[in-house]
Amino acid sequence: MKHALRLIFGSALLLALAACRAPTDDHTKQANAPMELRIYAVPPEQTPNLADALGNALGKMANVTMPAPGKLLVYAPHDAQASISTAIASLGEASPADQKSAQVNLQFWIVDGATGPGSDDAALQPLSTTLDTVRKAMGPLHFRLDQTLAAMASAGQDGSIRASTDAGYARNIDFTVHAVNDNNINLWVRYGDDSGYGLTMLKTQIDAESGHYVVLAQAPGACIPALPGKPVQPCPEKPALRLFIVRADRLPPHA
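Counted the way the working numbering counts, the sequence shown spans residues 1 to 255.
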């Protein structure tokens with residue numbers, strides 16, 4: 001078993017925005033929700049970025065335009081306007097120094113689970129609570145760590161991790177830390193595994209709480225054949241599933 005750990009450092013401009021979510025009502029209720037037009041005052045230099053971010057977050061449920069620098073015109077359901085207002089207000093509370101110092105450490109875990117009783121890999125001890133939750137939902141399982149990867153990023157920064165599996169296949173993770181607000185981290189992730197087995201592709205965006213593990217994906221497990229020239233990998237028992245897990249930690253300023 002191979003444990004790969006790669007750190008990628010960089011810097012980028014900040015885009016700070018608390019995530020706005022659509023109401024959890026069904027689509028019919030959303031469609032019939034009363035609409036409301038509001039004008040919001042925003043930092044002039046952030047107007048284009050905020051307009052794009054709000055538009056992406058709200059999707060088809062709202063229309064966001066920029067009538068002038070420092071102003072956003074938002075036509076959205078009445079129930080969503082409170083969330084929008086809170087998000088914009090939180091942006092104004094953060095000083096430029098605080099925004100620029102918002103850095104995040106990302107840890108990605110690729111974990112295989114086999115059915116039946118057994119011991120988890122010792123390296124997975126930090127994830128024990130998360131894995132116990134999976135066991136409660138799916139029955140007896142024991143877990144093996146396939147690979148762990150890591151990166152460090154600033155708010156607003158794109159990043160990539162390029163790695164390979166023990167069988168010789170390329171494994172890629174692309175990510176964007178869209179915003180960091182207190183302990184909330186808005187994160188976009190794209191995962192790709194060229195083996196063609198199990199979890200091969202994923203694209204998702206989440207609001208992660210700093211210091212918490214999040215299962216981003218679950219896929220069927222597989223014994224993956226090695227590429228020509230690579231040693232055959234032992235597979236004493238076929239994994240029942242593969243998990244892709246992330247933990248995001250907001251770092252102190254100047255960490």
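One should not assume that every hint holds.
What the hints assert, rightly or not - Below, computed lysine-lysine pairings styled on DSSO-like, alpha-carbon distance capped at 27 Å: (1) LYS203 to LYS238; (2) LYS238 to LYS136; (3) LYS60 to LYS238; (4) LYS60 to LYS71.
Since the hints were made in silico from the structure, they are not lab data. Note that the coordinates shown come from a computational prediction; the quantities given were computed from them, not determined experimentally.
Verification of the supplied hints:
This hinted pair checks out: LYS203 and LYS238 have alpha carbons roughly 26 Å apart, not beyond 27 Å. Between the alpha carbons of LYS238 and LYS136 the distance comes to roughly 21 Å, so the proposed pair stays at or under 27 Å and holds. Only pairs whose Cα atoms come within 27 Å are accepted, and LYS60 paired with LYS238 is rejected, the gap being roughly 43 Å. Annotation: proposed proximity of LYS60 to LYS71 holds, straight-line Cα distance about 21 Å (limit 27 Å).
In terms of the numbered hints stated before, the structure departs from hint 3 and from no other.
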